[in-house]
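Residue numbers (this note's numbering), protein chains in the order written: chain W, 1 to 387; chain U, 1 to 596.
Just so you know, these hints were derived from the structure itself, not from any lab. Treat the hints with caution; some may be incorrect.
In silico DSSO-like cross-links for lysine-lysine, where the CA-CA straight-line distance does not exceed 27 Å [stated by the list, open to error]:
#, chain 1, residue 1, chain 2, residue 2
1, W, Lys382, U, Lys81
2, W, Lys353, W, Lys307
3, U, Lys27, W, Lys177
4, U, Lys180, U, Lys109
5, U, Lys3, W, Lys189
Predicted model only: the values in this text are computed from it and were never measured.
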Amino acid sequence: MPDKRLKRVDLIFSEDCIYKDVLTKALNKSKEDIIKEILDSGLRGRGGAGFPTGMKWKFTSEQTESEKYVVCNADEGEPGTFKDREILTRVPHKVFGGMAVCGKAIGAKHGYVYLRGEYRFLKADIEKALDQFHKTLKEIGSDFQIHLLMGAGAYICGEESALFESMEGHRGEPRNKPPYPTIAGFRKKPTVINNVETLVYAFMICNIGSKKFHDLGTADSRGSKVFSVSGDTPIPGIYELELGMSLETFVEEFGDGDTKAVQVGGASGFCVPRKKFKDTIIGFEGVPTGGSMMLFNSSRSMYNVLKNYVEFFEEESCGQCTPCRVGCQQLKKGIEAVKKGEKSAAYLDSLQKLADTMKITAKCGLGQSVANSFSSIVDNFKEEMIY
Amino acid sequence: MAKTVNLKIDGIDVSVEQGTTVLDAAKKLNIHIPTLCYHEDLCVAGNCRVCVVEQEGAKNLVASCAMPASEGMIIHTNTHKVRNARRHVVELLLSEHNADCTKCYKNTKCELQNLASEMVITEPMFIDLVPFKEYKIDKQSPSIIKDDSKCIRCQRCVRTCHELQHVSALGVAYKGDHMKISTFFENPMYDVVCTNCGQCVNRCPTGALIEKNYIDQVWDAIYDPNKHVIVQTAPATRIALGEDLGMEPGSIVTGKMAASLRRLGFDSVLDTDFTADLTIMEEGTELLTRLKKALVDKDQSIKLPMFTSCSPGWIKFIEHLYPEYLDNLSTCKSPQQMFGALAKTYYAQKKGIDPATIVSVSIMPCTAKKFEAARPEMRDSGFQDVDLGITTRELAVMIKQAGIEFESLSDEKFDSIMGESTGAAVIFGATGGVMEAALRTAYELVTGREVPFKNLNITAVRGMEGVREASVKLENVLPAWSFLEGVELKTAVAHGLTNAHQIMEAIKKGEANYHFVEVMGCPGGCIGGGGQPIPTTPEIRRKRAEAIYREDEGMKIRKSHENPEVIQIYKEFLGEPLGHKSHELLHTHYHPRKRV
Chain W
1 MPDKRLKRVD LIFSEDCIYK DVLTKALNKS KEDIIKEILD SGLRGRGGAG FPTGMKWKFT
61 SEQTESEKYV VCNADEGEPG TFKDREILTR VPHKVFGGMA VCGKAIGAKH GYVYLRGEYR
121 FLKADIEKAL DQFHKTLKEI GSDFQIHLLM GAGAYICGEE SALFESMEGH RGEPRNKPPY
181 PTIAGFRKKP TVINNVETLV YAFMICNIGS KKFHDLGTAD SRGSKVFSVS GDTPIPGIYE
241 LELGMSLETF VEEFGDGDTK AVQVGGASGF CVPRKKFKDT IIGFEGVPTG GSMMLFNSSR
301 SMYNVLKNYV EFFEEESCGQ CTPCRVGCQQ LKKGIEAVKK GEKSAAYLDS LQKLADTMKI
361 TAKCGLGQSV ANSFSSIVDN FKEEMIY
Chain U
1 MAKTVNLKID GIDVSVEQGT TVLDAAKKLN IHIPTLCYHE DLCVAGNCRV CVVEQEGAKN
61 LVASCAMPAS EGMIIHTNTH KVRNARRHVV ELLLSEHNAD CTKCYKNTKC ELQNLASEMV
121 ITEPMFIDLV PFKEYKIDKQ SPSIIKDDSK CIRCQRCVRT CHELQHVSAL GVAYKGDHMK
181 ISTFFENPMY DVVCTNCGQC VNRCPTGALI EKNYIDQVWD AIYDPNKHVI VQTAPATRIA
241 LGEDLGMEPG SIVTGKMAAS LRRLGFDSVL DTDFTADLTI MEEGTELLTR LKKALVDKDQ
301 SIKLPMFTSC SPGWIKFIEH LYPEYLDNLS TCKSPQQMFG ALAKTYYAQK KGIDPATIVS
361 VSIMPCTAKK FEAARPEMRD SGFQDVDLGI TTRELAVMIK QAGIEFESLS DEKFDSIMGE
421 STGAAVIFGA TGGVMEAALR TAYELVTGRE VPFKNLNITA VRGMEGVREA SVKLENVLPA
481 WSFLEGVELK TAVAHGLTNA HQIMEAIKKG EANYHFVEVM GCPGGCIGGG GQPIPTTPEI
541 RRKRAEAIYR EDEGMKIRKS HENPEVIQIY KEFLGEPLGH KSHELLHTHY HPRKRV
């Protein structure tokens, strides 16, 4: 796989366009054109799962129901991710613009921003920005409306169907799928739910055209992405980079010279050890990420890192399905027992098998992805788990 | 016509209607997929993950209970991957479960235990999590025991309480490893809006929700030579008891039940059906009296529609949620409580027994009856009218304990007095039955003629539709009832408290204009009661209801007012329906309860 060089991009935060003009231009496109533009760009969801955004919009636009919704998933809960907060602080109008364009494409009159409970401090500013946005929309002649809803601090509510349940005033528990949100989402109506960043890219693609975006990145991972860089790095922060670089390139730029592992994609992502930096591409062909990039240097205990993650999942599982609720407890108790010598090292294999089962039997993405960090850390740092 | 889809399960082609789940499609092929959270009466949860199967082309296993069959789908239900996954899931459930099986009331009747046994789980794979938990047992309710250490969080009870009963006493609290099934503010069951209906108990796959059993107390009474122990049996017990003793759903076991009770050692084997007939006399008269006061005397204080008051789950529901309608309730006690009040008065006098020595036991399809028996309102005989209420299931346990081979018993009759009954009484056990029985008597009382339905079967009020309406026009009435000439008596029937809620809302909004409404707290009426054999499913309820109507058709007397013992008790003891003595012993009033 050819390694893209590290390239900084400035699409998300750049203000070198006149917002109202971009919005007018986008909203003047036909719904077919909008969807084609997004499909052609190759944009995939920036929340982590990477579903092609254009397809989501297309499926929802094909639904004949008159009531549809656009939902912006701003429940940024993945450990190590903080880019949506920055986007909503600096360029909220672009997020709203993406929602309005989506609304036009699918035939929705209402959009909702579901904001993470811990981001309550952003609420007043977002509401102010929304007022301004609605005024601009009115001037353009659109009656699309965006509403702001607050989460209450549960990680699981970032899972789209749990998010809908929460929006509807219910306990945030994931639903059975199918049906998918494009058919039955918020209030069981066809719904597009996109991550904050995805919506901004969709909006910007309407301005720069699909080609410019498509030209960036690799075959599986088009365009650029906003990364939240944290951990053992001299330059933590938010960076918009072209997709497709190797971890080696990434670590050269952001590491402290002693990086032993990078956790890509947060607690639900993968841990890549130093020896695999060179061959690991950051993108859907390698390790996908919703943005979280946590660097660990040799002073860190990977046992502690893993224990922290499983503790997080143990607490943040909604608790409804068996593999996730009990599996997380077993993984935690299991690594503790091995560390204390109460269980033999072979018990780690049983736990790996359990994690594999969780991956294929859990009801939603949360339980299914616990195995990502668990297996990659146990596989690569087995001796740290035992001694 | 619904579209069909074709799929392949374990190599066998099957066509099913679109929307059918993989689980149901497999059932069609007689392929058994294990389930825990799934229940035919409830919405699909898909949370236990025991029913996972492999779908070709899918990266993960799918929950067969929640996955709709689709065209061309290829499913494997018994692969290495599926087997391992199910094993893991059951092992995980066991690790969180207090598997103290020999000390569990549900021992040998537990769905988790069955699965563990099927999988031959002898060595636990994972760490026992129970010592790390702070599980609670709530034993304070007279009806239901809730033991969190046995709970597998399948949420059947939560869905039952919400979907079937519109009560939502049980809900999910907390998340992650602390997730549990709990009540409002984690208050004990007796102190929340719970109707004690026991539908949750009937659906709980493990021993997390069980009835509070009084088996030992009943034995103690029986063994006490100084006690005269009498037993009454509710209408719906005689068509369900057999299920817990190896017989098919829908088996009528009235005679065997009477025989077994005698063998257990009860001093007198009597029948709630007797007081069911009596209820019709009292309630029918009450209805006609209310109609007269409302229609002739224009008495504004008379509340219509009149609601039936036989179902203790329904009574508690209305006390909590519709207290403003308490005056619409018939003042009649339930048949159980009429029986109780008469047992320690009329029966005691006739038999010359000191009522203080009588222990009055009831066999009920119901867990709410335990609560009802303990109500302070129910002491009009000067004693607690009914001492011990046990369920159909508890009786089955006692019969097994006594070593009785139930199926081989010859039929026996109930004792007298208070053992005689009619077909009208037995149909109390099915939804619509009280209404039908009341109409058979009231119509005849008013017109002098039998109800104008073939074989007395008022089919309009039968069936399993959630809410049913029927009206009967009263024509050519007897002179005493001339004010009812031409009146169309409007009635409605609801079963299951969600349907009761629906009918109450319609009445509240003024959209419904009934004279008489029958409400039974449980789906299907008492045949589907919370104390009935487990499982109870739509199919089983249908079979039990059929049996009830067969039993009715087979009775010599099918109208309550023709019950000779009923005629006798009015002559000897009560005087007349709604008379002074009736008021004292057979009627009561209920009081508002808090809404939260």
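Against the structure, the hints come out as follows:
{"no.": "1", "hint": "W:Lys382 with U:Lys81", "in the structure": "25 Å, holds"}
{"no.": "2", "hint": "W:Lys353 with W:Lys307", "in the structure": "18 Å, holds"}
{"no.": "3", "hint": "U:Lys27 with W:Lys177", "in the structure": "21 Å, holds"}
{"no.": "4", "hint": "U:Lys180 with U:Lys109", "in the structure": "23 Å, holds"}
{"no.": "5", "hint": "U:Lys3 with W:Lys189", "in the structure": "23 Å, holds"}
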